[in-house]
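**Student:** So you can see what is in the structure, the chains are spelled out below.
Number of protein chains: 2
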Amino acid sequence: MKLAVVGATGLVGEQILNVIKERGFHFDELLLVASARSAGKKFTYDGKEYTVVTAEDAIAQKPDIAIFSAGGGTSLEYAPKFAEAGATVIDNSSAWRMDPSKKLIVPEVNAKSLTKEDKIIANPNCSTIQMIVAIGPLHEKYKIKRVVVSTYQSVTGSGKAAVDQLFAERAVSAGQEQEVNKVYPHTIDLNVLPHIDVFQDNGYTKEEMKMINETKKILEDDSVKVTATTVRIPTVGGHSESVNIEFENEFDEAELRQILADAPGIIIQDDPANNVYPMPLTSHNRDETFVGRIRRDETQEKTVNMWIVADNLRKGAATNTVQIAEYLVSAGLV
Amino acid sequence: MKLAVVGATGLVGEQILNVIKERGFHFDELLLVASARSAGKKFTYDGKEYTVVTAEDAIAQKPDIAIFSAGGGTSLEYAPKFAEAGATVIDNSSAWRMDPSKKLIVPEVNAKSLTKEDKIIANPNCSTIQMIVAIGPLHEKYKIKRVVVSTYQSVTGSGKAAVDQLFAERAVSAGQEQEVNKVYPHTIDLNVLPHIDVFQDNGYTKEEMKMINETKKILEDDSVKVTATTVRIPTVGGHSESVNIEFENEFDEAELRQILADAPGIIIQDDPANNVYPMPLTSHNRDETFVGRIRRDETQEKTVNMWIVADNLRKGAATNTVQIAEYLVSAGLV
Numbered sequence: 001m002k003l004a005v006v007g008a009t010g011l012v013g014e015q016i017l018n019v020i021k022e023r024g025f026h027f028d029e030l031l032l033v034a035s036a037r038s039a040g041k042k043f044t045y046d047g048k049e050y051t052v053v054t055a056e057d058a059i060a061q062k063p064d065i066a067i068f069s070a071g072g073g074t075s076l077e078y079a080p081k082f083a084e085a086g087a088t089v090i091d092n093s094s095a096w097r098m099d100p101s102k103k104l105i106v107p108e109v110n111a112k113s114l115t116k117e118d119k120i121i122a123n124p125n126c127s128t129i130q131m132i133v134a135i136g137p138l139h140e141k142y143k144i145k146r147v148v149v150s151t152y153q154s155v156t157g158s159g160k161a162a163v164d165q166l167f168a169e170r171a172v173s174a175g176q177e178q179e180v181n182k183v184y185p186h187t188i189d190l191n192v193l194p195h196i197d198v199f200q201d202n203g204y205t206k207e208e209m210k211m212i213n214e215t216k217k218i219l220e221d222d223s224v225k226v227t228a229t230t231v232r233i234p235t236v237g238g239h240s241e242s243v244n245i246e247f248e249n250e251f252d253e254a255e256l257r258q259i260l261a262d263a264p265g266i267i268i269q270d271d272p273a274n275n276v277y278p279m280p281l282t283s284h285n286r287d288e289t290f291v292g293r294i295r296r297d298e299t300q301e302k303t304v305n306m307w308i309v310a311d312n313l314r315k316g317a318a319t320n321t322v323q324i325a326e327y328l329v330s331a332g333l334v
Numbered sequence: 001m002k003l004a005v006v007g008a009t010g011l012v013g014e015q016i017l018n019v020i021k022e023r024g025f026h027f028d029e030l031l032l033v034a035s036a037r038s039a040g041k042k043f044t045y046d047g048k049e050y051t052v053v054t055a056e057d058a059i060a061q062k063p064d065i066a067i068f069s070a071g072g073g074t075s076l077e078y079a080p081k082f083a084e085a086g087a088t089v090i091d092n093s094s095a096w097r098m099d100p101s102k103k104l105i106v107p108e109v110n111a112k113s114l115t116k117e118d119k120i121i122a123n124p125n126c127s128t129i130q131m132i133v134a135i136g137p138l139h140e141k142y143k144i145k146r147v148v149v150s151t152y153q154s155v156t157g158s159g160k161a162a163v164d165q166l167f168a169e170r171a172v173s174a175g176q177e178q179e180v181n182k183v184y185p186h187t188i189d190l191n192v193l194p195h196i197d198v199f200q201d202n203g204y205t206k207e208e209m210k211m212i213n214e215t216k217k218i219l220e221d222d223s224v225k226v227t228a229t230t231v232r233i234p235t236v237g238g239h240s241e242s243v244n245i246e247f248e249n250e251f252d253e254a255e256l257r258q259i260l261a262d263a264p265g266i267i268i269q270d271d272p273a274n275n276v277y278p279m280p281l282t283s284h285n286r287d288e289t290f291v292g293r294i295r296r297d298e299t300q301e302k303t304v305n306m307w308i309v310a311d312n313l314r315k316g317a318a319t320n321t322v323q324i325a326e327y328l329v330s331a332g333l334v
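Chain order of the listed sequences is P and B. For the first sequence, UniProt numbering assigns the number 1 to the initial residue and increments by one for each residue that follows. For the second sequence, UniProt numbering assigns the number 1 to the initial residue and increments by one for each residue that follows.
Since copy identity is lost for identical chains, a pair holds within one copy or between any two.
With a Cα cut of at most 20 Å, we get these calculated SDA-like pairs of lysine to any residue:
id	residue 1	residue 2
1	42	18
2	145	298
3	62	329
4	206	273
5	225	247
6	225	146
7	119	83
8	302	203
Since the hints were made in silico from the structure, they are not lab data. Fair warning: this is a prediction, and the values are worked out from it, not measured in the lab.
Pulled out of the complex, with its shape left as it was, chain P reads as follows (with noise of 0.2 Å):
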C-alpha cells in the first residue's frame, strides 16, 4: 500500500506521522508532500531519511491513500488530482465537509458508510469530532434533540504561529524582550476570545455552524440541533466542551454510563470524589475521547450534562485520518 500524506510539515502533518508510527499502520511505500517551497527537503522519519516531493510528484507515483492536511486551498485543488490518478483522499481541510457528494467520518460512529465509490472523505472539525465519538452512541440510544456546547479551545487548533503568539506573550509577560507575531486579533496569554474562525451574518462563528452542521450530517439527521459558542483560551493541546444534551427519549444514568464506557474510543474520567475528570493536559498524545462530569441535568427531563476532552491534534485531526485509512484497508476498500 502506498501512503501519502500532504501537509506532512505541519503541526498536524507531523502528528499524523506519529500517529501511523504508533498505531503501527502499515504502508509499504510513504510520500511525503509539501509545497514546492519545501520540496526536495530531506526529512527523517521512523530511522529512515524521505525527501520532501510536491503533490505533483506524489500523483504521478499513484499512491493508494492520501492525508491531506495542508488547508482548504491545497485540498480543493488537489484532492480530486490525487483521486483521478486512482487515491482515496482523505482530507482534513474544511473544504469537502459540507459537500453533499462527499462524506464526513468520524470512525466509531460512522465508518461503516463508507464504499469504494468514496474516493474523497472528509475528516470533520477537530472540536464537532470529539462531541461525536462522545454524542454518537447516546443519539443511537435515546435519539438526541438539542445540544447546548461551549467550547475550550486550545492555540494548537490555529497552528504553530498560534503557539508561537502564546509562548512569545509568556516570555514578555515574565520580563523578557520578545517580539510577539500576533495571529489573533487579541492578546491570548491569560486571555479568552470568544472567537474562532469568521464571524458570519448570522453572529455565529464559522467554527460554530461547523459543530452545528457537520453534527447533522455525520449523524445522518437534520433533527438534531446543535446551538454553540467555541472559545479559545492560552491552553496548548487538548480541547474540552462543556455539553447539555436533550434527548428525546427518557434515560437512565447508569445505563447511559455503560453506553459511553461500551463504545468505542471514549475513556471516562469521573470520578469527582478523587478530583478525576477529563483536562487537556492528560489529554495530551492520547487517541481517545475523555467524558467525565456525567450528570443529570435538574433543570429539564431527558437532559444531561457531561464535560467531553481530547487532543485536537490527535483525535481531532491526525488520529481520525488515520483511523479512516485503517477503516479503508481493513475493509478492503483500498
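Following the hints, complete the assembly by docking chain B onto the known chain P.
**Tutor:** The following block gives chain B in isolation, referenced to the frame of chain P:
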C-alpha cells in the same frame, strides 16, 4: 460615617479599598480589620497610615457599616457581633447567602428590597453576580424559564495562593527552578479544571449550586431554572460566562439589546466584524459587566446566547459590596 473593612489584607479586601477610593465613597473614619496575627501592623492607604485592628477592637468602636471579606468562618462568628453593636454588615462570604432571613443583593437588580431592618446583607458569589447583572433586566421583561451556563473562571477567584501557583508553574514551564505550592488538585497552567469548590452528592460542585440557588433567590423567582458547569482556566482576573437563556415570552433582538444597553452596570461590547467582544483582559479593574456575542439561539424559540465577562474581584466581589454600602447611605438606611 464610620466604616470597617474586615479582611482588609486579602485579595478582595485590597480591591475593596481600591474601589472605595476610586468611587469616592465617603467615610469619616475607617477601621482596617484583620486577624490577631495582622493586628497592630501599619498599613498605608490613600496617603494615610492606619493600624490594623482586631474584630473585637473594631466592634468596640461601633462602626456604621462593616464590609466583610474574611471567609465564612469569620463571617459566621463576627457578623452578628458587629450587627449587635449597631453596624450594618455587608458580607462577601457564602455564610449567610442562603439564610432565608438575609437578603442577597446585586444593587442594579434588587437593592430596593433593603430596609433598615437588614443588619446582615449577603453579597452573592462572583459568578452569580455578573450573570444576574445581565439577565436580571431581561427576566423583568421576558421572564426567564431556563439558563444553561458554562463558566471560564480566573484563578484570582481562589485567592493569592492560586495566583502564586499559576505563576510558579509558568516559571517552571519557562525552565526556571521554582517550588510550586498547589492550591488546586492539578496543574492549572495550560490546563482547564472543570472543578470549582467542593463536589456535592448530585455530581454538581458547590460553585454550580451557588449559581443555581442564588439566582432564584436574587430574582425572587423559584421558577427560574439554572444548570451550570463551572470551570477554572489559567487566566488572572476576569470571569467569562457562556450563557444560553430561554424566556417564557418572545423577544425582539433589537429590543433585547436596547434593554441591556439601558440597564445599569452593563457595557455592551458586540461588534464582531471589528473583533469587539468581552474578554477578561479588558475587564480588569472595571466595575461594569460586559456583554457581547448576543445572538438568537436558532435551535429553540424564545432563546438567546450571550457572553458575559466581569472582573471577578471587582464587580464579582469588591465593587458589589461597595455599591451596597453606597446604596445604604444614599437611601438613608445607615
